[in-house]
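Number of protein chains: 10
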Amino acid sequence: MPDAQLLECFPNPAPAGDTGKRDFVIEHFSEEFTSVCPKTGHPDFGHVTLRYLPKEQCVELKSLKLYYQSFRNEGIFYEAVTNRIADDLAQAMQPKWMVVQTDWKGRGGIRSTITVEIGQRDA
Amino acid sequence: MPDAQLLECFPNPAPAGDTGKRDFVIEHFSEEFTSVCPKTGHPDFGHVTLRYLPKEQCVELKSLKLYYQSFRNEGIFYEAVTNRIADDLAQAMQPKWMVVQTDWKGRGGIRSTITVEIGQRDA
Amino acid sequence: MPDAQLLECFPNPAPAGDTGKRDFVIEHFSEEFTSVCPKTGHPDFGHVTLRYLPKEQCVELKSLKLYYQSFRNEGIFYEAVTNRIADDLAQAMQPKWMVVQTDWKGRGGIRSTITVEIGQRDA
Amino acid sequence: MPDAQLLECFPNPAPAGDTGKRDFVIEHFSEEFTSVCPKTGHPDFGHVTLRYLPKEQCVELKSLKLYYQSFRNEGIFYEAVTNRIADDLAQAMQPKWMVVQTDWKGRGGIRSTITVEIGQRDA
Amino acid sequence: MPDAQLLECFPNPAPAGDTGKRDFVIEHFSEEFTSVCPKTGHPDFGHVTLRYLPKEQCVELKSLKLYYQSFRNEGIFYEAVTNRIADDLAQAMQPKWMVVQTDWKGRGGIRSTITVEIGQRDA
Amino acid sequence: MPDAQLLECFPNPAPAGDTGKRDFVIEHFSEEFTSVCPKTGHPDFGHVTLRYLPKEQCVELKSLKLYYQSFRNEGIFYEAVTNRIADDLAQAMQPKWMVVQTDWKGRGGIRSTITVEIGQRDA
Amino acid sequence: MPDAQLLECFPNPAPAGDTGKRDFVIEHFSEEFTSVCPKTGHPDFGHVTLRYLPKEQCVELKSLKLYYQSFRNEGIFYEAVTNRIADDLAQAMQPKWMVVQTDWKGRGGIRSTITVEIGQRDA
Amino acid sequence: MPDAQLLECFPNPAPAGDTGKRDFVIEHFSEEFTSVCPKTGHPDFGHVTLRYLPKEQCVELKSLKLYYQSFRNEGIFYEAVTNRIADDLAQAMQPKWMVVQTDWKGRGGIRSTITVEIGQRDA
Amino acid sequence: MPDAQLLECFPNPAPAGDTGKRDFVIEHFSEEFTSVCPKTGHPDFGHVTLRYLPKEQCVELKSLKLYYQSFRNEGIFYEAVTNRIADDLAQAMQPKWMVVQTDWKGRGGIRSTITVEIGQRDA
Amino acid sequence: MPDAQLLECFPNPAPAGDTGKRDFVIEHFSEEFTSVCPKTGHPDFGHVTLRYLPKEQCVELKSLKLYYQSFRNEGIFYEAVTNRIADDLAQAMQPKWMVVQTDWKGRGGIRSTITVEIGQRDA
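In the order they appear, the protein sequences are chains A, B, C, D, E, F, G, H, I and J.
Residue 1 is where the first sequence starts when you use the working numbering, and the numbers rise one by one after that.
Residue 1001 is where the second sequence starts when you use the working numbering, and the numbers rise one by one after that.
Residue 2001 is where the third sequence starts when you use the working numbering, and the numbers rise one by one after that.
Residue 3001 is where the fourth sequence starts when you use the working numbering, and the numbers rise one by one after that.
Residue 4001 is where the fifth sequence starts when you use the working numbering, and the numbers rise one by one after that.
Residue 5001 is where the sixth sequence starts when you use the working numbering, and the numbers rise one by one after that.
Residue 6001 is where the seventh sequence starts when you use the working numbering, and the numbers rise one by one after that.
Residue 7001 is where the eighth sequence starts when you use the working numbering, and the numbers rise one by one after that.
Residue 8001 is where the ninth sequence starts when you use the working numbering, and the numbers rise one by one after that.
Residue 9001 is where the tenth sequence starts when you use the working numbering, and the numbers rise one by one after that.
Bound-form chain A, shown alone (with noise of 0.2 angstroms):
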């Protein structure tokens, strides 16, 4: 079951407004998503691609995974898994920016990419 809580944040170490800092992007790839079609049941394999601005917070890494690993055996829409994403980290981490993006295999001969963008990255 997908689980908010267990995302864990750590200080960003360079935050822009800290003497010689400025903004900067971080991206996360991984090509080791897995949940389930609520409709037939059957396994839906992606690729989630974080990247965002940080403001106060980063996203720590292994709970990123531990996270990603908690949608295993949910049953979820692609829009919607990509939505959920995207408001838990941003809930989590209060980004200056951030996308969220999917990216599907096929299911009936039909590959799919959702995205998210939360914020403006140049505001």
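These aren't lab readings, by the way, just hints derived from the structure by calculation.
Please note that the accuracy of each hint is not assured.
Subject to a maximum C-alpha distance of 25 angstroms in a straight line, what follows is the list of computed SDA-like cross-link-like pairs (lysine to any residue) [said to hold, decoys possible]:
1. E/K4039 x H/E7074
2. H/K7039 x J/D9018
3. I/K8065 x G/T6034
4. G/K6039 x I/R8121
5. D/K3096 x I/R8121
Some chain G residues close to chain D (C-beta under 10 angstroms, calculated; not the full set) [stated by the list, open to error]:
6. H6042
7. P6043
8. G6106
9. G6108
10. G6109
Idealized CB from N, CA, C, for every residue including glycine.
Following the hints, complete the assembly by docking chains B, C, D, E, F, G, H, I and J onto the known chain A.
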């Protein structure tokens, strides 16, 4: 025979108007499209990319597949197929913005791509 | 409906028995094969490779294309299609040696390849 | 829980003993296999290739997919999974010759492949 | 000898002025272009990309192929070929916007690309 | 018109009979071959690979290029071109062993390869 | 231990202020970077891209290599490494604009990229 | 020794000022550039891309090749080579806009790219 | 310091002698190997492939990773590293057959591969 | 001027005769070879692969690089270069078995490969 009735929609699970929600992009990529050249009677093979920003409705994946399959024995030109798909999907989903692109295997040594865009992404 | 009558042959222009001639290998590779799954009614898409050592006859290219197209709306399994093509071509050309291989796009996340070999290359 | 009972077979449609028939090779390639590491509890992701020369029976494609899915939450090592799949399929189909190969995404920076061959191709 | 008379057009099947229609982009990509270097007499081989926004006319695909073939034995420089094709197509179709790009295999270890753009895409 | 007279040879600079010398393999790969289909009059485009074990003569590179160019406006089938090139080169160089392979771009959605081998590599 | 003292600079050979000169971009791409994860003690492997618009100084290539090597046994997080390299290089060269990007091999199935930009390219 | 005298130009065959003409872009890409590192004496190998918008003159292809070859035994740094080529070509052709980019194979595990732009594309 | 003691084994889960079992092949591929050149002191980076036919023991994956890491600061030549790894693994596992291959990134423009085979695969 | 004196050897660190040792294969692949065409005076660029089974001596890597560099301004044909390198290395190392392969960039649209093998791998 192409049949727009096959297209079924479901409500956008995360519409931009809802609290804490925002626009997001959905892409469906099919490598298994075929129709027939009305001039020569020979089959055409192509890829179809659908990319859109949903408003209130999203197209259901299996219905999209059946809709694409309904072109299988239709005699129809590249340009007409692409505009037809765009019109049918715009009618069914009323998206904020949409691109339909078809990418055809070579005929007589020439490969072709047709791209239809409806609405403006940042409108 | 698959129609072996569509296959036309022409005499091997350089048969091994002629003065100064020797066996040679011909390959024809089609990326545009489609038939129908007899179980689900959904279309199957595949590539077909024909590789052979001609004896007295070679298959004419355009007739091969029309023969492949005759499977378009036939409900037939992967294994049956491949053996059917091999049998029809062996009957039509009587080659010294022949391989027919079909390579199918994924269905339910599984891609398949079927390979039929008739005769021995170095017999 | 891995369940060999899920495997269903159908009669070889072109057995070598029949008039004008000969051996042929069937390959099924799945990019969507996942099980669990029994040591760490983390999921493993891999590809599974099945390649065989049928005797009297062929494995049915959808049942193969369900059989693979039954490993989803099983804690089992790479070597054991591969031998288990090979044993179950050999038991179910009694093929003339068979190869099962699993190809695993990296764990700790090391990717692994396990290959089991049963019988001899040219026996 | 290059022959612009070979170019045939057909009416844009979905002109932007019609109800519910909008501009769309057509691309034709040929990998089989050859002409002759006027200096050395050696053949040149290239790819030709045509990308345009149609107004009232679209170029017919087979006529485009024959038009390209008419350069086969013409001695003509890279720059001249590209501008000639652009001029002939602009004359024939009167498109809203058009790009013609030629991409040439190496001569003396140097590969070349020539790009002509007519009109403005967002005019 | 194909012209075998264009082929010029030079003495093998390291013939196997000389002290401390041994057989070696030479390959020339051309991506710029074109001839004409005798049936349709349309140009054919292909790659030609020459691979051989020289005896006393090697083919000179520039003469090979001019020889290939002499097919430019010849109406000739795939099988005939390949056997013709093999015969002409065998006649000119008398190699110990030789392979000529032509690899043709698709016509009607089918790509073809023709392979002629003369002599035995390990004879 | 990371050692910024290792960085040596040489005067920009073509500074924008000189007659007939203009800004230009320099990129150095290293595929051989390694440091140590401070949490697990396991080595991390990555690629480092440096892209900059020089002002008066350019970093000398061999000194850059030695500087990168000085991280070999340092326990340091992805985010910190990247900001550290950016700060050290900005201090040493005072460039008009600079991007440092690190691209890390997967850890726990997740690959990461960190991107730091200093200054504005078109400022 | 680099020799700008080797560069020859010919008049732009389709200058923007002529009736019905417009600007167009020319690119020449050489994969066969070599010079010598002035520090170590070892050879450097790189690719050179020239991209420009001609005004009244275009550089002749064979003279460009000979000009590049004149750097073969010159001891010269990456940055200097690139600016030198840009200056010589700008002097010879007086283009509206030009980019020269050199892309160097690795030295000490670091690959480099230098990019010089002269003028503004849309000026 | 390379430390063969780090290597741990576990019993072959499917030894060929057991009922219904047969030999199988195990491969482990690491892209994260580094050691130090004893001559220059510069780090070397390579990939290590281990391929073997187990007898009674298999090497445990995490111990293999730690063993590889123990070469991190060792000054050792390509040839010696590869033979050392082969000897240590042969000693630890006593496999029926084994290949160790190292594939090194370029040094001075030359990439190298060293391959050690112990025993015979079909013995 | 090619100079075989530049080649230095070091004793095979793991000769097959020693206790517990066996033959192993060494490969060195250089992408940075250049010489001059004796006919046209234009530079040739190629890749050189050396693959051998050492007896008592191995070629030292830096000396190999300098030896290759000594061909830089030598006018010499493809076939002669390859046999020359093979002879010089065979003389210097006296390997059990050796292959030298050169792979040349295109000249006049034709790419070439020359392969010299000395001794028998399984002798």
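Hints and how they fare:
1. A C-alpha spacing of about 31 angstroms is found between E/K4039 and H/E7074, which places the hinted pair above 25 angstroms, so the restraint is violated.
2. Taking the CA atoms of H/K7039 and J/D9018, the gap is about 43 angstroms. The hint is violated against a cut of 25 angstroms.
3. Among the hinted pairs, I/K8065 with G/T6034 is consistent with the structure: their alpha-carbon atoms are about 16 angstroms apart, no more than 25 angstroms.
4. Using a Cα cut-off of 25 angstroms, the hinted pair G/K6039 and I/R8121 is violated, with the two alpha carbons roughly 42 angstroms apart.
5. Only pairs whose Cα atoms come within 25 angstroms are accepted, and D/K3096 paired with I/R8121 is accepted, the gap being roughly 22 angstroms.
6. The interface hint given for G/H6042 is met, as the beta carbon of that residue sits about 8 angstroms from the closest beta carbon of chain D, less than 10 angstroms.
7. Interface restraint check for G/P6043: the shortest CB-CB distance to chain D comes to about 8 angstroms, inside 10 angstroms, so the restraint holds.
8. At about 6 angstroms, the closest approach between the beta carbon of G/G6106 and any beta carbon in chain D falls short of 10 angstroms, and the interface hint on this residue holds.
9. Because the closest C-beta pair between G/G6108 and chain D is about 8 angstroms apart, less than 10 angstroms, the hint holds.
10. Interface restraint check for G/G6109: the shortest CB-CB distance to chain D comes to about 7 angstroms, inside 10 angstroms, so the restraint holds.
Hint violations for this structure: numbers 1, 2, 4, all remaining hints satisfied.
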